[in-house]
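Colleague: Residues per chain, in single letters:
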Amino acid sequence: LAKTTQPISMDSYEGQEVNITCSHNNIATNDYITWYQQFPSQGPRFIIQGYKTKVTNEVASLFIPADRKSSTLSLPRVSLSDTAVYYCLVGPYSGTYKYIFGTGTRLKVLA
Amino acid sequence: EAQVTQNPRYLITVTGKKLTVTCSQNMNHEYMSWYRQDPGLGLRQIYYSMNVEVTDKGDVPEGYKVSRKEKRNFPLILESPSPNQTSLYFCASRRGGSSDEQFFGPGTRLTVL
Chain Y
1 LAKTTQPISM DSYEGQEVNI TCSHNNIATN DYITWYQQFP SQGPRFIIQG
51 YKTKVTNEVA SLFIPADRKS STLSLPRVSL SDTAVYYCLV GPYSGTYKYI
101 FGTGTRLKVL A
Chain L
1 EAQVTQNPRY LITVTGKKLT VTCSQNMNHE YMSWYRQDPG LGLRQIYYSM
51 NVEVTDKGDV PEGYKVSRKE KRNFPLILES PSPNQTSLYF CASRRGGSSD
101 EQFFGPGTRL TVL
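Order-wise, the sequence lines are chains Y and L.
First residue of the first sequence? That's 1 in my numbering, and the numbers climb one at a time after it.
First residue of the second sequence? That's 1 in my numbering, and the numbers climb one at a time after it.
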């Protein structure tokens, strides 16, 4: 299973773009990269998933370089409500569903 | 509404008293999983189930049991709880196909005295 490494914490100001990078050097060919958001005392919530290049949805973008050994979650124009812990997760498309979440990145958005 | 439910949401118990935390999903997902979350340790997977009657250990299975007799339910059983099992527990289900998205329940905060 691919392990991930993320910064422990980040601070940003409202209206700024935030980029959180995740390192996953031993990602397997069939692994997808998924990002979750978690607010205190709530279950994680899916944000975005990708395999390669760039994926964009209504809340975020995910950039994955060609070697797939890292990925970057981009949150455009953050607000105070984006203050949360963000987890990068690398998992198999098929096969086992044993997941390693890691400790995540604690993002604090300041006014 | 598509959701994962857990009961109870809060539980205080004593060492050795068997307990069960229920988890149910209404999305017809085949895959379900249990996690525990502790300060500074993130989310750690306890057990998962790929389908009815198919379960397997996650990273921290010691002291826990699970069963999957129906697709919608995946209870977590602590036969003899100990204080080191005091934690916040999350159940999740996953839809299949090309999506790796997991849907999480609201959590169960367990305290073992």
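Treat the hints with caution; some may be incorrect.
Just so you have them, the derived chain Y footprint on chain L, three or more residues with Cβ under 8 Å [claimed, not checked]:
no.	segment
1	8-22
2	54-68
3	81-94
Below 25 Å or equal to it, Euclidean Cα-Cα: the simulated BS3-like pairs (lysine-lysine) are [to be verified]:
no.	chain 1	residue 1	chain 2	residue 2
4	Y	K98	L	K71
5	L	K65	L	K18
6	L	K71	L	K57
7	L	K57	L	K17
8	Y	K98	Y	K108
9	Y	K98	L	K17
10	L	K18	Y	K69
11	L	K71	Y	K52
12	Y	K98	Y	K52
13	Y	K3	Y	K69
14	Y	K3	L	K17
15	L	K57	L	K18
Derived contacts from chain L toward chain Y, CB cut-off under 7 Å, selection only [claimed, not checked]:
no.	residue
16	E1
17	A2
18	E30
19	Y31
20	G105
Quick caveat, the hints were computed from the structure, so don't treat them as lab data.
Idealized CB from N, CA, C, for every residue including glycine.
Colleague: Sort out which numbered hints this structure fails and list those numbers smallest first.
Modeller: 1, 8, 9, 10, 11, 14, 16, 17, 18
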